[in-house]
Amino acid sequence: MADLSVKVCGVDFKNPIIPASGVFGYGREYEELFPLDKLGGIATKGTTLHLRTGNIAPRIAETPSGMLNSVGLQNPGIDHFIETELPYLLTKDLVVLANIAGSTPDECAEVAAKLEDTDVHMIELNISCPNVKQGGAAFGTSCEMAAEVTKRVRAVTKKPLVVKLSPNVTSIADIAKSVEAAGADAVSLINTLLGMRIDINTGRPILHNNVGGMSGPAVFPIAVRMVWQVANAVKIPVIGMGGVSSGRDAIELMMAGASAVQVGAAIFTDPYAPVKIVEEMNDWLDSKGIASVNDIIGTVKPW
Amino acid sequence: MADLSVKVCGVDFKNPIIPASGVFGYGREYEELFPLDKLGGIATKGTTLHLRTGNIAPRIAETPSGMLNSVGLQNPGIDHFIETELPYLLTKDLVVLANIAGSTPDECAEVAAKLEDTDVHMIELNISCPNVKQGGAAFGTSCEMAAEVTKRVRAVTKKPLVVKLSPNVTSIADIAKSVEAAGADAVSLINTLLGMRIDINTGRPILHNNVGGMSGPAVFPIAVRMVWQVANAVKIPVIGMGGVSSGRDAIELMMAGASAVQVGAAIFTDPYAPVKIVEEMNDWLDSKGIASVNDIIGTVKPW
Amino acid sequence: MKYTQGQYIIADKTAIAREIYSFTISCPEVAAVACPGQFVHIRAKGYTLRRPISICGIDKEKGTLRIVFEIRGEGTAEIAKLNKGDLIDMLAPLGHGFTVDPSYNKVILIGGGIGTPPMLPLTKAYGDKAVAISGFRNASAVILQDDFRKTGAETILCTDDGSAGIHGFVTQPLKELAEKGGIDAVYACGPMPMLKGVAAICKENGIFCQISLEERMACGIGACLGCACRTVRNDEEYFAHVCKDGPVFNAEEVLW
Amino acid sequence: MKYTQGQYIIADKTAIAREIYSFTISCPEVAAVACPGQFVHIRAKGYTLRRPISICGIDKEKGTLRIVFEIRGEGTAEIAKLNKGDLIDMLAPLGHGFTVDPSYNKVILIGGGIGTPPMLPLTKAYGDKAVAISGFRNASAVILQDDFRKTGAETILCTDDGSAGIHGFVTQPLKELAEKGGIDAVYACGPMPMLKGVAAICKENGIFCQISLEERMACGIGACLGCACRTVRNDEEYFAHVCKDGPVFNAEEVLW
Ligand SMILES: Cc1cc2nc3c(=O)[nH]c(=O)nc-3n(C[C@H](O)[C@H](O)[C@H](O)COP(=O)(O)OP(=O)(O)OC[C@H]3O[C@@H](n4cnc5c(N)ncnc54)[C@H](O)[C@@H]3O)c2cc1C
Ligand SMILES: Cc1cc2nc3c(=O)[nH]c(=O)nc-3n(C[C@H](O)[C@H](O)[C@H](O)COP(=O)(O)OP(=O)(O)OC[C@H]3O[C@@H](n4cnc5c(N)ncnc54)[C@H](O)[C@@H]3O)c2cc1C
Ligand SMILES: Cc1cc2nc3c(=O)[nH]c(=O)nc-3n(C[C@H](O)[C@H](O)[C@H](O)COP(=O)(O)O)c2cc1C
Ligand SMILES: Cc1cc2nc3c(=O)[nH]c(=O)nc-3n(C[C@H](O)[C@H](O)[C@H](O)COP(=O)(O)O)c2cc1C
Ligand code: FES
Ligand code: FES
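Residue numbers (the working numbering), protein chains in the order written: chain A, -4 to 298; chain B, -4 to 298; chain C, -3 to 252; chain D, -3 to 252.
FYI, nobody ran anything at the bench for these hints, they're computed from the structure. Don't take each hint at face value.
With a cut-off of at most 25 Å between alpha-carbon atoms, the simulated SDA-like pairs for lysine to any residue come out as follows [claimed, not checked]: (1) C:Lys240 - A:Asp74; (2) A:Lys33 - A:Cys4; (3) C:Lys192 - C:Phe204; (4) C:Lys(-2) - A:Asp88.
Extracted from the complex, chain A is given alone in its bound form (with noise of 0.2 Å):
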């Protein structure tokens, strides 16, 4: 048994595998099949200031390896996440990570003060939803606009903020900077990719909104890059994510600079799939005698 225990901000993961925002609701759904507490963490979905009812379905489309989401933010508002949700996952055994987002800096603001007197984890802040109009990818987007908002975060809270990253950019390292000298403690990386599918027969999108967002395995090699270019250009941690199906993408995501792993599509798949990467992480690297999985954080060796 390798040891597979990770410190991100201070913060203890028994293991470095947290189902990504979006993906796993509030957790309840899937205890039915194992017990939240196999999990490092979860990362709660999107909350924002007021519920939001969302985009118009169709929200999914498949794609090769991957898919397309535009679900939109949909949540209950920040109150009953607080009231409703987070007691009782903060019953678990596991790290909380609160994604939240806004329409404005303030309405983030807002939404985090709210949480600065609960017992929450961390704060994963999403400066990169593609699927709203305002705010949303707008924000990560550009260096000045990311490093605003999380300022404006930053002020309101103590707890451990992460910038949760836009990939549609031409220069992911310069945005995580940029949140860096705001104030971030980590980021977290990779949101989704804007993409589109189109209905042959009818001539429509596939998406009621158009455009969504792809993830799934196809995403994989570019947050691999994105991964190893952030943790090349900052000194915070990174939680790395986007295609992760397997314990050895795991692997390949911390050896290029993540200290933890989200999974997002593949519990879409298969939904056992985050406590399988957690075994199948451990047997790697029990075969390989490496004692901590903290041995292998960051270790390529660029040619």
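Got chain A; can you put chains B, C and D with the ligands on it based on the hints?
Structure of chains B, C and D with the ligands alone, referenced to chain A:
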């Protein structure tokens, strides 16, 4: 038999399918399998002023539904192309797009100038190769640089000038508008997305160049989105590519706004892919009773 | 919701029409809790998303489920390649099924095309209290009529082109029966225009109506919010999810 | 280069060691033109890139090819799932094979591990003029020794751990034979360190040496420039491509 012919900036293609630059060499190798005049055109391997030996191997890695390459613009130089490859290709009944690149705007212009006295049908200026240190992607990721290099090439050529765009940008529509304003007759997209894979057993990137360009079916939804965005942003024609592997894909890209379609990585999976795609497009159009492929270009009806 | 994920043996496979297959799957723990109107979420090798397919038969004694599906695209084509004896990967049973009320004396069950399979276990539940109306494009698309007859229900067959049964849509016999009166409930599954037509007739005649909806799904269990469906509950708009709140909804709740 | 792409029937499949399979493939037009040292490029269902596998046997009369490959990753695992009677999609024959010179009187053929299969047809071509040296990790990894013996060649078996044949590397017997003299050519395929060792011994002893290299490939036919290999030709550096200029190179041309 539907009419598959299309016209792109005044050049007639008997059908809209073109093997993409870099995957098809100068066509000779594939002639063993089928006559080149089954194709609408051919985009030749990216050619620079002088011979380039390219990057050190490994240059190829596989990814879910895709691949990475880091060939690094290996080519025999423009003079060799003009003397040895072009005359042969011009004996065939298809449109020849000479794909060119350079480390500086000057070099690009010099290469284009050399083609001015040849009978090549179109120039495809690659401002987006992620695999070379200088020039390459750098030109394609800033509106100013993209416009600058386009202007310089425009100044020396009267040939239809297609500028090939990089997907590794925050707004590909903005880059497209810049090159349109700078005198491009058409744009082609997408080049490859920058990605990385690591061999976890050696702890080394699989590619000796560390990172490489991702292509293949995995990137198709990104190509559809970008073609759609660019087609809505510019008035010049768009040549679409990125992950096309079937007649349905080609039709989808044309509905999104492409006037012609290039096929890259799919040829590695099935060398007959471009020929089969032509047949599949024809069959689909016939089955729908659509008389001409022109009737589907840009017809997607957004919600 | 009680569901499991597992690999189950395909006990039987039959092609029942062109590109339409019937699988009998041995999955006692699923069969034990499954209800008419629920669905299974099937993994297709090589594809990221599972495919939702309705339950078409539940044999609690034998511990088997039956599904009937049509090849519509790449994923269903991949699933159709599985053979008797192979393992099928399912997340099941999922969703909220039909309301079966033993006090009802006469119910009408309507299936259109590949929407007929989920009506079969419900028809079985009502037996001779049921009238099962099925509609298809043409004679060669007709499926499951023997199965419906075996339930003891009265069966009515319609085809769009009249090549089998009544020439016309399922809404025709429904309208006649509804106007005659004495119907406690109508249940339907099929294409959207059909469901709208059915719902309208029921509303007009004040008959309780449940319909089974389709939407593109990812998780299948209510976690991803992918399969939104606009409904009204307690006079308020409610963003329901087809996989969890449905696929069966009371017709009056649905915002078409 | 004369090659074709097609779907060919697998006439025979055998597991010859742990995770190592031998396929006999009925492909008369490929067998007719194939030479020792060439390879086939096999499509693996669900994967973008084909897998290059050396030709291990050519039966021009029966119109069959033989390949022997090891499961190394996902693609070869997928190919290994194919069974006798199934179709295998190949682009073949590809590449530049070994130089077979009838005037040679004594040649040494060296295979290391999964590099032994391509040496078999070459050994057959030389028959009793050949000494076939094979090296493996251990006894359980040993393959093809009966086949080598049947060619009439003298065979020498080495294992790294001495669990079969000579304890040690293939370079040991090679060195002895080379120093004794009378060798016209040495041919080798196997891991890089082995090839380097073989090339060094041949250089020292002035023996003509050809080696078969591996590189990651996309097209397999010289079009994509993916499989670069640094070589020297006519005293100039030449960026060769393993799929077209190789996989067999004269050892002295290779820049290691
Ligand atoms: C609750 C429910 C029950 C169903 N029951 C049956 C049944 O009993 N028999 C049957 O033949 N079909 C049924 N369907 C429809 C079936 O799910 C689709 O035909 C199937 O998903 C299409 O997949 P594909 O691989 O053939 O098509 P593709 O076009 O390759 O699928 C691409 C993606 O779109 C989704 N998709 C495409 N069409 C539909 C659709 N109509 N509904 C939902 N998702 C879709 C797929 O699931 C997949 O994610 C049901 C759908 C739902 C939602
Ligand atoms: C000319 C040539 C002849 C060969 N002959 C044989 C043979 O006769 N028997 C045999 O067992 N193996 C042979 N190999 C090696 C074989 O091609 C690889 O083991 C195989 O491609 C690995 O694929 P995978 O799906 O198992 O691994 P994966 O790691 O899943 O493959 C990922 C990608 O890397 C490539 N790759 C991985 N390892 C190699 C490698 N060593 N060489 C080239 N590409 C690689 C794959 O082709 C694929 O594109 C030969 C290779 C070459 C170049
Ligand atoms: C259905 C769905 C909903 C998502 N919702 C959110 C969200 O609310 N907030 C967020 O930060 N990311 C959201 N994401 C992005 C994921 O958290 C993750 O960044 C992305 O999917 C890449 O990982 P993957 O390839 O493993 O899925 C969502 C992704 C999916 C597929
Ligand atoms: C091996 C390889 C080499 C390439 N070389 C070039 C090149 O020289 N010039 C260029 O403009 N694009 C080059 N490309 C990019 C392709 O032309 C194309 O834009 C990209 O691969 C996306 O299409 P696909 O997904 O169909 O492969 C290359 C792609 C591959 C796979
Ligand atoms: S499919 Fe995920 S909520 Fe319905
Ligand atoms: S693999 Fe394409 S040139 Fe060798």
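Worksheet item: What are the numbers of the hints the structure violates, in ascending order?
Response: The structure conflicts with no hint, since it agrees with every one listed earlier.
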